[in-house]
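Visitor: Each chain is listed here by its residues.
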Amino acid sequence: MTNSFADYAKAKLFILIGTNMTEAHPVASTFVKDAALNGAKLIVIDPRRTDLVDFADMHVQLKVGSDVALINALMNVLITENLYDKKYVESCTEGFEELKKKVMEYTPEKAAPISGIPADTIRELARKMASIKPAMLMYTLGITEHICGVNNVMSCANLQMLLGNVGVECGGVNPQRGQNNVQGACDMGALPNVFPGYQQVANADARAKFEKAWNVKSLPDKPGMMMPTMMKNLTTGKVKAFYVFGENLANTEPDIKHVEHELQSAEFLVCQDIFPTETTRFAHVILPAAAWSEDDGTFASSERRVNRVRKVSVPPGDAKPNWWIFKELAKKMGHEWTSNSAQEIWDNELSVLAPSMAGIKYSRLEGDGLQWPCPTADHPGTPTLHKDGKFTRGLGMLKAIDYIPPAEVPDKEYPFVLSTGRRLYHYHTRTQTGRCAGINDLLGEETADISPADATAKGIVDGEKILVKSRRGKVEVKARVTDQVPEGLVWMAFHFRETCANWLTNPVYDPTTQTAEYKACAVEIEKLK
Amino acid sequence: MADTFLLNGKETPFKAGQMILEAAKGGGIEIPTLCYLKGSTPTGACRVCCVEVKGARSLVAACSTPVSPGMEVSTDSEIVHRARKLNVELLLSSGKHSCIACEANGNCRLQDLAYFYKITDLKFKEKEISDIPPTEDENPFIIRDFSRCILCGKCVQACNEVVVNRAISQGYRGKNSKIVTGGDSPYNDSECVFCGQCVQVCPVGALTEKKAKGLGRPWETQKIRTTCPYCGVGCQQLLHVKDGKIIKVTAVEDAQPNQGRLCVKGRFAYDFIYSEERLKTPLIREKNGEFREASWDEALDLVANKFKEIIKKDGPDAIAGVSCARSINEDSYQMQKLFRAVIGTNNIDHCART
Ligand code: SF4
Ligand code: SF4
Ligand code: SF4
Ligand code: FES
Chain A
0 MTNSFADYAK AKLFILIGTN MTEAHPVAST FVKDAALNGA KLIVIDPRRT
50 DLVDFADMHV QLKVGSDVAL INALMNVLIT ENLYDKKYVE SCTEGFEELK
100 KKVMEYTPEK AAPISGIPAD TIRELARKMA SIKPAMLMYT LGITEHICGV
150 NNVMSCANLQ MLLGNVGVEC GGVNPQRGQN NVQGACDMGA LPNVFPGYQQ
200 VANADARAKF EKAWNVKSLP DKPGMMMPTM MKNLTTGKVK AFYVFGENLA
250 NTEPDIKHVE HELQSAEFLV CQDIFPTETT RFAHVILPAA AWSEDDGTFA
300 SSERRVNRVR KVSVPPGDAK PNWWIFKELA KKMGHEWTSN SAQEIWDNEL
350 SVLAPSMAGI KYSRLEGDGL QWPCPTADHP GTPTLHKDGK FTRGLGMLKA
400 IDYIPPAEVP DKEYPFVLST GRRLYHYHTR TQTGRCAGIN DLLGEETADI
450 SPADATAKGI VDGEKILVKS RRGKVEVKAR VTDQVPEGLV WMAFHFRETC
500 ANWLTNPVYD PTTQTAEYKA CAVEIEKLK
Chain B
0 MADTFLLNGK ETPFKAGQMI LEAAKGGGIE IPTLCYLKGS TPTGACRVCC
50 VEVKGARSLV AACSTPVSPG MEVSTDSEIV HRARKLNVEL LLSSGKHSCI
100 ACEANGNCRL QDLAYFYKIT DLKFKEKEIS DIPPTEDENP FIIRDFSRCI
150 LCGKCVQACN EVVVNRAISQ GYRGKNSKIV TGGDSPYNDS ECVFCGQCVQ
200 VCPVGALTEK KAKGLGRPWE TQKIRTTCPY CGVGCQQLLH VKDGKIIKVT
250 AVEDAQPNQG RLCVKGRFAY DFIYSEERLK TPLIREKNGE FREASWDEAL
300 DLVANKFKEI IKKDGPDAIA GVSCARSINE DSYQMQKLFR AVIGTNNIDH
350 CART
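Going down the list, the sequences are from chains A and B. Sequential numbering of the first sequence, starting at 0, is according to numbering that gives the first Met the number 0. Sequential numbering of the second sequence, starting at 0, is according to numbering that gives the first Met the number 0.
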């Protein structure tokens, strides 16, 4: 996030796009509701009637995957009607002329049939967005989980820059991260192209620095594979050994049947986890790990805040801290690492090597933690990025972007769109929440959420088992008839194995990030006899 | 110059619009409260915050009376204490406050006040059991014991004004008054999303965590701050730990980013770590497909040797790994270091994509 959660309660206008906050980021949503009760305006752009719509001034129920077309048309209106922030655009951004040329092709009339939003509503929405400054834009996976995920993200940034809303309190572009430590895993360099602190592996100076620190002769300079490529290469034989730490890929990845085939193909699969999962079934070696609250350490939240996690329990049996396992494995492969606790790793290695976190030490993390960038020992941390419109690269880049439809769109055989996500009571594949007393009582099984109109047309009643099938698989699941879902849409989560949406989802990816298109594929639903 | 008022005879500054309660706090005087919930509309229900204001016809509620310049406030006079004691006595007999069996024993504002005012006997007749609605606990997490409810309304404020889930309200009138969900249905069938915010704010033992029942008294537990293991908001939790086991989780008040709030997962989904199904020892898969237990030495030797063999035969890029976006930073750091510095490949990623 460019901004902080503390901004939410003070914000004047929210633009929520592809984010179902009350279920996926419940506590953050409470601050949005507080602000709305205090008079803040709220725009919800989402195919579903999510709970925050109750508090919204406008709910724009766009068609799944039409975000770029809609945002381009909004920018078309902002430019045509002279509603954008000219001063900001001139002094803080570049690329305006190209952007303008592109969005001029996207009149509201052109975007209307693509997005399902009438041209006049698009105009009204654009005016509303420009009427209050600043506006805070939040998004989640509804934006990123598309083959055009990167384009969607850049469109959100375009819009906010055009409105002059980046670099100010209560503004910005704010992706709310799904997992507690996705932000941290990126920061730590668990990515194929960067070392910790986003230093490029392709940069010789960066490599030299890490070679010295890690006491090795050379480090690889070629960016590695992203996860979907790794998995694909398990079947080609290019990847022989696969080390899976804490992920239940057999349930979380699109097209389970195919994913399991890939895992099965691994010559050597190592799984390091706290529970046996659908994925560990394929392992050759399983390493038992310490869990949350069985080890000291840090998480980095969506707002780039590094927080302490503390040990209160001992791991069961022979389970060990993960950092210890990696250290011991390094030793067996001839490398002695000195750091012997999470604190030593952070204080003596990470913070020394990652300039943006150089000022963060455990001794400073006792209270509310620190938000990076925090380059020096006396730096207070950074609640708002790009302050006063100053971007890391100098000027903010406006980018001309074209709309592309989802890879698989409904047709005669599969006439519904399936979109997927998370529900309040469970977390991902339930390896954790499924083992907490009481949670299963609140949500004990998956449902396929469908609209009352489609239910009537198909003769389906609420709570009856139906068949949902796609080109990849089928599941039998209870129908939940709800007006949260518009006609033509089926909505499911992936918390339960047998009825997991990923038996159906489409393994197609954004070309840059290789994020899968979990939010759109084509399915058919059938009443069971 | 800041405006001032007289607090127990001492000139004390205050900010325009401030209530006596907050201004007194600024001046170092804590006034007791039961129904006051910071940031919400005051309900003025409990009257234990009463103070004497010179010139006023009766005692006023400090939580809902704004200070004015020159106002003379006494928080410590005999008449104030007499009134507070009386209010506490009334509240004590409004239900069945038997502390021995109460989960909140040792963490109860009413008990604190009764103790302070040395109340040993009930002055008024206790409410009849038959007039108290049955305890509501048909859900997995929250117990609502009406015999201990002082109808302060804090839970209602929290649900409607803090987390804005609008699940509960003050229902019925007079002696039938009670806190109800929409339609007075069980929590399971209501709008309640089990965030537990109402439990967090209840000053007495009327709302308690079902999972923590009987597991430990407040003075027996250590309170350890940590970060929620679920979503990317990063809420700050207080783990209540007894004998190395988490028995309850509450939110850290006044902490960023959650300011005393948690959701159902952060508050109630902590006990997975104690599941019998945890992996407890390294496992190696045999030729027949069965897993057998192994020592760390054996398991790690196997992994190291296999990796070395693959590196030799197919090169380091034939090994790939994904780190965990749920585990601590330091674990991800170590894993990428293992891949880059030891194995010699950049084939390291994590599930940022899910
Ligand atoms: S349940 Fe607790 S917070 Fe709610 S009204 Fe009763 S005493 Fe007050
Ligand atoms: S648990 Fe949360 S939603 Fe339910 S009544 Fe309490 S505050 Fe309201
Ligand atoms: S308490 Fe809820 S909102 Fe807060 S971090 Fe945990 S899961 Fe997220
Ligand atoms: S705290 Fe002031 S009336 Fe209850």
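Simulated from the structure, these hints should not be mistaken for laboratory data. These numbers were taken from a predicted model, which means no experiment stands behind them. Cβ atoms here follow ideal geometry from the backbone N, Cα and C, with glycine treated the same way. One or more of the hints may lead you astray.
To be verified - Selected chain B positions facing chain A (in silico; Cβ < 10 Å):
1) K53
2) R56
3) V59
4) S63
5) L85
6) F115
7) V162
8) V163
9) V192
10) P256
11) L261
12) F271
13) F306
14) R325
What the hints assert, rightly or not - Rough simulated footprint, nothing fancy, chain A against chain B, three-plus residues with beta-carbon under 8 Å:
15) 91 to 97
16) 226 to 238
17) 242 to 252
Said to hold, decoys possible - With a Cα cut of at most 27 Å, we get these calculated DSS-like pairs of lysine-lysine:
18) B:K311 <-> A:K331
19) A:K330 <-> B:K222
20) A:K331 <-> B:K222
21) A:K330 <-> B:K311
22) A:K330 <-> B:K279
23) B:K279 <-> B:K244
24) B:K311 <-> A:K221
25) B:K305 <-> A:K231
26) A:K216 <-> B:K305
27) B:K279 <-> A:K319
28) A:K208 <-> B:K307
29) B:K222 <-> B:K37
30) B:K37 <-> A:K237
31) B:K279 <-> A:K310
32) A:K237 <-> B:K305
33) B:K307 <-> A:K331
34) A:K256 <-> A:K528
35) A:K310 <-> B:K241
36) A:K331 <-> B:K305
37) A:K319 <-> B:K241
38) B:K307 <-> A:K221
39) B:K222 <-> A:K216
Visitor: Provide an ascending list of the numbers of those earlier hints which the structure does not satisfy.
Guide: Violated: hints 1, 2, 3, 4, 5, 6, 15, 19, 20, 30, 39.
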